[in-house]
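Residue numbers (my numbering), protein chains in the order written: chain A, 1 to 411; chain R, 1 to 411; chain V, 1 to 411.
Nothing false has been slipped in among the hints.
Covered stretches of chain V (chain R as the covering partner; in silico rule of three or more C-beta atoms under 8 Å from a C-beta of chain R):
hint: 1; segment: 54-64
hint: 2; segment: 78-84
hint: 3; segment: 111-117
Taking beta-carbon pairs under 10 Å as the criterion, some of the chain V residues facing chain A (in silico):
hint: 4; residue: L210
hint: 5; residue: P233
hint: 6; residue: F295
Source of the hints: derived by calculation from the structure; they are not laboratory data.
Quick reminder that beta carbons are idealized off the backbone N, C-alpha and C, glycines included.
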Amino acid sequence: MRLKFPILALMLEVVTIVLYALLVVYDTGDAHGDGSHEESNTTHSSSPMTLYPMFQDVHVMIFIGFGFLMTFLKRYGFSSVGINLLLAAFGLQWGLLLQNIWHMHNGKITINIEKMINADFSTATVLISFGAVLGKTSPVQLLIMTLLEITTFCINEHLVVGVLGVSDVGASMTIHAFGAYFGLAVARVLYRPGLRNGHENEGSVYHSDLFAMIGTVYLWMFWPSFNSAIAEPGDPQLRAVINTYFSLAACALAAYATSSLVEKKGKLDMVHIQNATLAGGVAVGTCADMDIQPFGAMVIGITAGVISTVGFKFLTPILASKLGIQDTCGVHNLHGMPGILGGLAGIVAAALGKKDNVTATYQACGLASSLGFALVGGLITGLIMKIPFWGQPPDQNCFDDSIFWEVQHEK
Amino acid sequence: MRLKFPILALMLEVVTIVLYALLVVYDTGDAHGDGSHEESNTTHSSSPMTLYPMFQDVHVMIFIGFGFLMTFLKRYGFSSVGINLLLAAFGLQWGLLLQNIWHMHNGKITINIEKMINADFSTATVLISFGAVLGKTSPVQLLIMTLLEITTFCINEHLVVGVLGVSDVGASMTIHAFGAYFGLAVARVLYRPGLRNGHENEGSVYHSDLFAMIGTVYLWMFWPSFNSAIAEPGDPQLRAVINTYFSLAACALAAYATSSLVEKKGKLDMVHIQNATLAGGVAVGTCADMDIQPFGAMVIGITAGVISTVGFKFLTPILASKLGIQDTCGVHNLHGMPGILGGLAGIVAAALGKKDNVTATYQACGLASSLGFALVGGLITGLIMKIPFWGQPPDQNCFDDSIFWEVQHEK
Amino acid sequence: MRLKFPILALMLEVVTIVLYALLVVYDTGDAHGDGSHEESNTTHSSSPMTLYPMFQDVHVMIFIGFGFLMTFLKRYGFSSVGINLLLAAFGLQWGLLLQNIWHMHNGKITINIEKMINADFSTATVLISFGAVLGKTSPVQLLIMTLLEITTFCINEHLVVGVLGVSDVGASMTIHAFGAYFGLAVARVLYRPGLRNGHENEGSVYHSDLFAMIGTVYLWMFWPSFNSAIAEPGDPQLRAVINTYFSLAACALAAYATSSLVEKKGKLDMVHIQNATLAGGVAVGTCADMDIQPFGAMVIGITAGVISTVGFKFLTPILASKLGIQDTCGVHNLHGMPGILGGLAGIVAAALGKKDNVTATYQACGLASSLGFALVGGLITGLIMKIPFWGQPPDQNCFDDSIFWEVQHEK
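Could you build the full structure based on these sequences and the hints that come with them?
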């Protein structure tokens, strides 16, 4: 850490500031009259602050939700919430730049609340991948991952949503599946045989599980904002809220029931509750704004809750032992499989709802592209992160804040 | 737990989904032109998302507020926040159905943000009652209580608000007093003589009290949203916010002062601060949107703060020892007495404000009906919950997560 | 504590209620047509609830943000979050009165959401000063400080913003610098030679640092609301949000980098992360709504992050040892120096942006006035607080909840 971390962090920030000085301005004044009003229905307010409450909900999901969700580890809470803040703070600056270089006005990127929401979204990919490699990487490695992952994400997102016109309002494919498989590819490259039999710090204590529940509950509550924030105002946005609300409610019941079914003596497992209750939000993302009806959303939610819990119980150990993928937070179960389920649900909804196989085919291309970019991008990024120069912690110091933080000894 | 819990949870969810498939649709398109616009003043926005920020505030109160408030017990945090999530996730689905079967359009229930707020509200009754029986009931029992209590609540609410036209914008009577006395009736039926002399786990530790303060502070902050969310837009909604804000502020001072007065050496008691600071929000609920003026709200708040603190100190022990009502969280002090105070304040405000004894009489009927449904409903529900089939924990396992959860041993 | 605290608290509340009964009414009906509409642009909604989501963000900063930020001390969490609630609950009632006695209508103060936001703001000054004397003062002393500091704040704010017309939308000068130097002056007067060599309870434990991060992250997320809540609707408000968002993001990178640079072995220090990441929000406050462009905000943020971290590392120990200022939370580094930086940035922005030395001079006067009122007001308040009648804790009981709270012994 001695010098590499501060130098890298400051260098990234200075380069970003220079690029902002050249390229980024406020979206004020006549920028509001850029034609987007014509598309919106009469219920749309033209205030530049209309989306601000949704932005803050998403902001809370990024910084409190993701940050505290990862504090479940007994000795890694500082890094979970602290490095989460660092990566997201850099990522949102970088993401806003790259998401908007495709459509500048007079050589300038104009910032408004919607673009801030999208910038926050772009950081979610990194925070999901962070979950896969949590406890086994240095801040330097993670800043590099942030830079490369957000760049890859912006290319894929532009291709899928911008060029192909694929629907993915809640980003099941472009954020959740992408972030999960990117992170899993990185984790595969960084495989640690020495942790094959676990690590004494890779577990929770009572209060660390309660801190993690702060993250869980915030993600659960505000997921309707995540899935509806950039939906078309009016009915589509309302549908996105309602579908996500009910998908999550049904998913919660399914996660509790399945956890009790698969555990000894019918007990509940905190890992399942912290994560699988959220899978319904991921899985309903792609078709959140579509006319799937509340019961359709609930079917997606219950399916996601079951799949996710079963994944934690049975698939995660297999990925670790057979495929060499050590997925600390089980992002495959929360974001990977539910993200694919969301993509598939979008294909089905497009095929049924619009009676339109072309649209369905485009949706399928969107899913394939997201997975492809994630896996290839993740492998390359993993190889770069593996260069022994970046201060990766040795096996015995994994899952331990004290390698990167001043930690007070209790009492 | 082995099979009963997952079977019951999945069965409830599947039945709910079938009913939603038959009955529930989005409130989109022409549903907005249903005449409600004429009533609203010119400041009312017609966007379907107008109430969304208030909905999210209420959502936070339900899932973070109630959930973390109950984490004060040293060994029952997983259940407090986890079972809170489970019950509310099921309850909101069930509540939305039952609250709206009285007024369907073309055989359909149409969902919008206001109905989601009301659905969240309906779960609050259960979460209040949960506080009375916290630590002494199984998840199966609690799911049954959720089903029966929300059903009873919806009947009483329809009678009081829908048929009698009683004012109860912040639901002092229909939610708080109802939920408290329902839960106390259940607690009476489930009386445990074996816990007469307390239980070693029925207490807090330092950090569990801090987790509980997260719940307290969120409830305290967002209570203005609870009391104003379904108020008429414009001045009544503004009054509801202002009255609740000042009632809570005055109540906080009163709770601190009274706690110090009744404790040894003038110290403060965390139980009082966690709960009695909130009594002002409960007590101002019924007349929150009325023209009681800020100082009137403050008088209600200060009264509630004193009554609630005194209740914790002197009444709760008597209820347990003389009446056989073991009220774990003291919901009688936070929701019961302040809820009745709120109902009485509403009667007085109606009698004074409108110079109208008929309205005041209807308000009194609303309070009586809420208490009656709560006590009778709670007694019947308690008897059903007492059937020895539902896995109620034995005395020695009360207030202990490890009977229902996989719990890691520290270190 | 025995009687002084409850008597003082109740007396303050009763006096406040009497004043409210005489002076305070709702801002309803024609009060909305008071001419403020003409100034606002067409994007401004005239609903009385427009600012409500921003109010709630500010509310969360005051009660969760400030409250939990101070829970970092291992044995002082009850007081941090609990006394924070007490002081803010009283302060907002008192602040609303004093902020508005300068402009009453027909002898009445009319309350709306904007005035509630300003009332919350006024409490921030006290909570900042509370940080300087945290652990070394009694609730009675702190209530007195609240009364006197808010009174002083309201006079200075009226002079600076009302009379001189100084720009300070995010209150770098009138709240942050004022609150910090007021608190430091009080701390100087209350200097304790007996704590010269530290105190065993003046430090954190692992979980207390995580609780504090809840406060940090909420402050970090919602700071754009703090700086924009009372900005002119439309473009200025949007600029205030965007500038604060980017200032904080750049500041976070700078704080992490600088913390690693100044600590042994390049480790991160939780104290820096909890506080210095927020300095960008303070420093961009005065010119948040000005046209400084996003990169300008980032330059302010990065500067504030470096200054604040360096202050914690090198300046705080010197203040304690050389000047007798024991600043428990380091408010000089989070609010003091960044507040002055914000005031200076405002002067520069006024001089450059408006090519107007008169405006710049007024800005400078606003900074000087805020510092002057803070230092003089703080010294006088400190002398009053030093009167031995108010139950100030002896040295050995500092930083320990158990002197004012019933504290359960672990296990």
